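Chains as they are written, first to last, in our numbering: chain S, 39 to 308; chain Z, 76 to 807.
Because the hints were derived from the structure by calculation, they are not lab data. None of these values were measured; they are calculated from a predicted model. Every residue, glycine too, gets a C-beta built ideally from N, C-alpha and C. Treat the hints loosely; a few may be bogus.
Label-pair distances were calculated between CB atoms; the ranges are [to be verified]:
1) S:R46 <-> Z:D732: 56 to 64 angstroms
2) S:S97 <-> Z:L501: 52 to 60 angstroms
3) Z:H365 <-> S:E300: 42 to 50 angstroms
4) Z:G470 <-> S:Q142: 35 to 43 angstroms
5) S:I143 <-> Z:P280: 47 to 55 angstroms
6) S:A264 <-> Z:D732: 55 to 63 angstroms
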Amino acid sequence: MQPFAYFRPESRGEVFAALREFAPDVRILAGGTDLMVRLRSGRFRPNAVVDVKRVSGWSSQIVETEGVLRVGAGVTMTDLVSAPSVQQHFPALVEAASVVGSVQIRNRATLAGNICNASPAADTAPPLLVYGAVVNVASRAGERQIPLSEFFLGPGRTALAAGELVESIDLPIPVEAAGSAFQRITRRRGVDLATANLSCSVNRAGEVRMAFGAAAPIPLLVTGTAASLEEMTAQARPISDVRGGAAYRQAMLLVMARRALEVSLGRLRQ
Amino acid sequence: MPPVNNLKDDKPKWVGQSLGRVGAEDRVTGRQKYAADLRIDNALQVKFVTVDCARARIIAIHTEAAAAVEGVRCILTSADLPQPVPKCGPAYDDRPVIAVGETRFHGEPVVVVAAETEDAAELAASLVRIEYEELPPVLTVEAALDPGSPLVQDHLQSNVLTENHFGWGDVDSAQAHCIVENDYTFPMVTHFAIEPHAFIAAPDPDGITIWSPIQHPYVLRRVVATALGWPVARVRIIAPDPGGGFGGKGWPKVEPLLAFLALRVGRPVRLVMSLEETFQAVRRASAKVHARTGFDADGRIVFQDLEANFLLGAYADIGPRVVSKASYSACGPYRAPHARVVSRALLSHTTPSTAFRGFGTPQASWAVESQLNEAAARLGLDRVEIRRRNVPAKGEEFIPNENGADGNWIESLEKAAAAVAWDVPLAPNRGRGISLGLKSSSTASASFALVRLHHDGSASVLSGTSDMGQGARTVFTQIVADELAIEPDQIVVVMGDTSVVPFDSSTSASRSTVFMGNAIIAACKHVQEQVAAIALEVGAGAEVPYEELLRAYYGSARGEVIGLGSARSAYVPGHPLGGKSAFWEMMAAAAEVEVDPETGMVDIRKLVLVSDVGKALNPMQVETQDEGSAVMGLGHTLMEQLLLDSHGRIRNLGALDYRIPTIEDIPAELHSFLIENEDGPGPSGAKGAGEGGLLSIAAAVGSAINQAVGVAIRDLPLTPERIWQAIQDRQT
Chain S
39 MQPFAYFRPE SRGEVFAALR EFAPDVRILA GGTDLMVRLR SGRFRPNAVV
89 DVKRVSGWSS QIVETEGVLR VGAGVTMTDL VSAPSVQQHF PALVEAASVV
139 GSVQIRNRAT LAGNICNASP AADTAPPLLV YGAVVNVASR AGERQIPLSE
189 FFLGPGRTAL AAGELVESID LPIPVEAAGS AFQRITRRRG VDLATANLSC
239 SVNRAGEVRM AFGAAAPIPL LVTGTAASLE EMTAQARPIS DVRGGAAYRQ
289 AMLLVMARRA LEVSLGRLRQ
Chain Z
76 MPPVNNLKDD KPKWVGQSLG RVGAEDRVTG RQKYAADLRI DNALQVKFVT
126 VDCARARIIA IHTEAAAAVE GVRCILTSAD LPQPVPKCGP AYDDRPVIAV
176 GETRFHGEPV VVVAAETEDA AELAASLVRI EYEELPPVLT VEAALDPGSP
226 LVQDHLQSNV LTENHFGWGD VDSAQAHCIV ENDYTFPMVT HFAIEPHAFI
276 AAPDPDGITI WSPIQHPYVL RRVVATALGW PVARVRIIAP DPGGGFGGKG
326 WPKVEPLLAF LALRVGRPVR LVMSLEETFQ AVRRASAKVH ARTGFDADGR
376 IVFQDLEANF LLGAYADIGP RVVSKASYSA CGPYRAPHAR VVSRALLSHT
426 TPSTAFRGFG TPQASWAVES QLNEAAARLG LDRVEIRRRN VPAKGEEFIP
476 NENGADGNWI ESLEKAAAAV AWDVPLAPNR GRGISLGLKS SSTASASFAL
526 VRLHHDGSAS VLSGTSDMGQ GARTVFTQIV ADELAIEPDQ IVVVMGDTSV
576 VPFDSSTSAS RSTVFMGNAI IAACKHVQEQ VAAIALEVGA GAEVPYEELL
626 RAYYGSARGE VIGLGSARSA YVPGHPLGGK SAFWEMMAAA AEVEVDPETG
676 MVDIRKLVLV SDVGKALNPM QVETQDEGSA VMGLGHTLME QLLLDSHGRI
726 RNLGALDYRI PTIEDIPAEL HSFLIENEDG PGPSGAKGAG EGGLLSIAAA
776 VGSAINQAVG VAIRDLPLTP ERIWQAIQDR QT
């Protein structure tokens, strides 16, 4: 591991100062489950690491306000999947967060970290897209909101500007009845990264929102109906890599789409 | 403790019991000190520098920036070693201790950095700049066989390092009713021991001491001494119990380089390899087997015509032995009136392949067992029945001039079939498969043991076996407890220090229970002879406890009784393997799987293992060894493979994309059964065990998948994508 400066500021102001001082070679440490791997492998060689866990006001809470479930940036996967409010409204997100890494990883990894890492295969990204998540971002200049559908720019790249920090993720609580589900394909049954993953939701009108991962440079959100699953999944642009071939991925999207829709329709009827 | 006594029961009290694993609690609580946990004062930390491709001509090495890093004490290249740079290896002295002029595999050390801290060593290593010209590598069986390919070792005439011809009868004139002919491939896989490979080398007044989690300390001592040009007496190997070896920690790799470095800096040097570096250091030979098998109308094998090409790496390591041993018994536990086996050990610009549980047999077994399944389908025979018709009877010779079948092998087959409910109708998308695996045992090897009966009646056993998790300490304790009639908690097994324990060839080939076990029994008998003589001399009866007897004999100054025992597997000049197989490791495996035909995902619903072990000295240990071995076999069957790019780099380097089975991947039901007819050459009629579990897993699972979804795949691993693709191909 290359030497780097380590900060553990207690105020947002100090965070922003550190981000500015060391930009662009600075990394934020929350759960650290992606960061540590890359620091050790040498893929990340930052000059500084800013640990945000002790920042005053840093939220590890899930709070419901004005039709929105606000998930603080400190909320771990374990916290997320055990929250009754998340279980009630966002079952696909629970399914996805439940298969991120192992138990030990889920005890550390944060939802915010999962999206900031911007892996095309991030398991929580498809359900968050389907649920219309919005990212709350802060910087020295102030605060702004970025719809998740505009957040991912490419593998490892996000719409976050230098000096910006994700503070929470908003999940709009569905106002109309909908059923949703998550599916993924892996190379083994235990802990694995997705060869491809998919989430969908369907409402009483038969409108389907679907998002898939590891099937394009970014997690992709598409819309259609129960009759247009093939057209929807055809919008994917999968590649071949060590985890799977493009043809397999493309075919699995349709398999997952059918299965996820079936589960979603079952949940809609409940 | 109650007083000990030297009245040995005729019936074993401890052997045959599932005594708890000696050291298990330390292993699972983290108290055990593995090699990487050792702290040696004043040690420098080592990091290797490599180039980013398999094969390169080294033009220049720039170390100025690295040398400027605080704490760096030595940057060593081939120029700093004796010239010509010593070459060494367990079988052939063909591996330079550091790359000289050219690299031959990705990960071969070119420069070594030693620094006061790991961070400094790593930073300095990243600052070493190696100018090199990439050269085209040889990466496949086909390329290695192509006479037009570059030579991996340029003093050789070709990349075919060794070629074996085994066989009998007359294959070409044999008349068969049905001939099955196919190609089978087996991937490169790596051992993935959970304990990291870690080494310390330290100069001392007598010469040098090396700490290494090596399975064969005496092989390491020989190889280091040869590299240094020293007598073996000046080299001391300390081998802490390995945390998983599987053959990957069997044979010396980087220890000679560390020895030179330690002597140069005059201080201890320590290297702990990362998992990624370990992937680049040890693997199993991949293989391509062309199999032509002839059967008569009743399904009896008429001939086996096998051509097995094993892809070794850049250096021989123990690879040629893997190839010869596996191909010698490649026809499996079956009669074959005519046989022709041609096998080759091929050099390539890849990680040197080494010993790996099963020692080449899984590669051959995948082909030969799958051939039987296809023949059964073509002849309208049941897959159990076709095996029943070909398995030799107990005592029957199945390889000419070799020890015959040493067990009632049909019993294993029938037991496995019954346990998997072979004849019960299957649910949709389910299938069953069965197969046998056979591995020859250790040939031409020797084990020595010392048993010290101390003045208070406790005992120390000194053994060169390494306990790498297989439970050798436990079994040896049980043997001594019975032989000396003392309690297990009065016995300590001392291992892993060549200055303390007597010679042992290796902890390999499932040989330790048989050979070291017999050596320990002989040592105990030697103790008992001396005890009897002492008793006679002091006029004591056999019921007098050891402590009292030795007190009466030695007086208050105390003394002890030392027994020496040995056992060996005879060296037979002219035998293709140097000696006959002392026993056969025979395994039957049967699986029931469910396949998702839309995704290709395989769910192993049931896996049963039947192992003919002669006698299980510790049934729990044998069963868990077989189960662990079988799960390891599921790895190469379903998911494990090292994927190379065109530069010879491993594309899935590390735990993220090299998949091994997790606890969620093990079968829903996993049962292991033992056949115990006390017909082996070891203690109480034991045979070796522990490798058997994985020998034939692939063919059993492959056959089950075939039955479930109707596709025959001949390339491992049987990944979901590969199964899905085969289903697509069949439908179009």
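Going down the list of hints, with the structure as the test:
1. S:R46 <-> Z:D732: 56 to 64 angstroms: violated (33 angstroms)
2. S:S97 <-> Z:L501: 52 to 60 angstroms: holds (54 angstroms)
3. Z:H365 <-> S:E300: 42 to 50 angstroms: holds (46 angstroms)
4. Z:G470 <-> S:Q142: 35 to 43 angstroms: violated (54 angstroms)
5. S:I143 <-> Z:P280: 47 to 55 angstroms: At roughly 49 angstroms between Cβ atoms, P280 of chain Z and I143 of chain S fall inside 47 to 55 angstroms, so the hint holds.
6. S:A264 <-> Z:D732: 55 to 63 angstroms: violated (35 angstroms)
Hints 1, 4, 6 from the list above are not met by this structure, while the remaining hints are.
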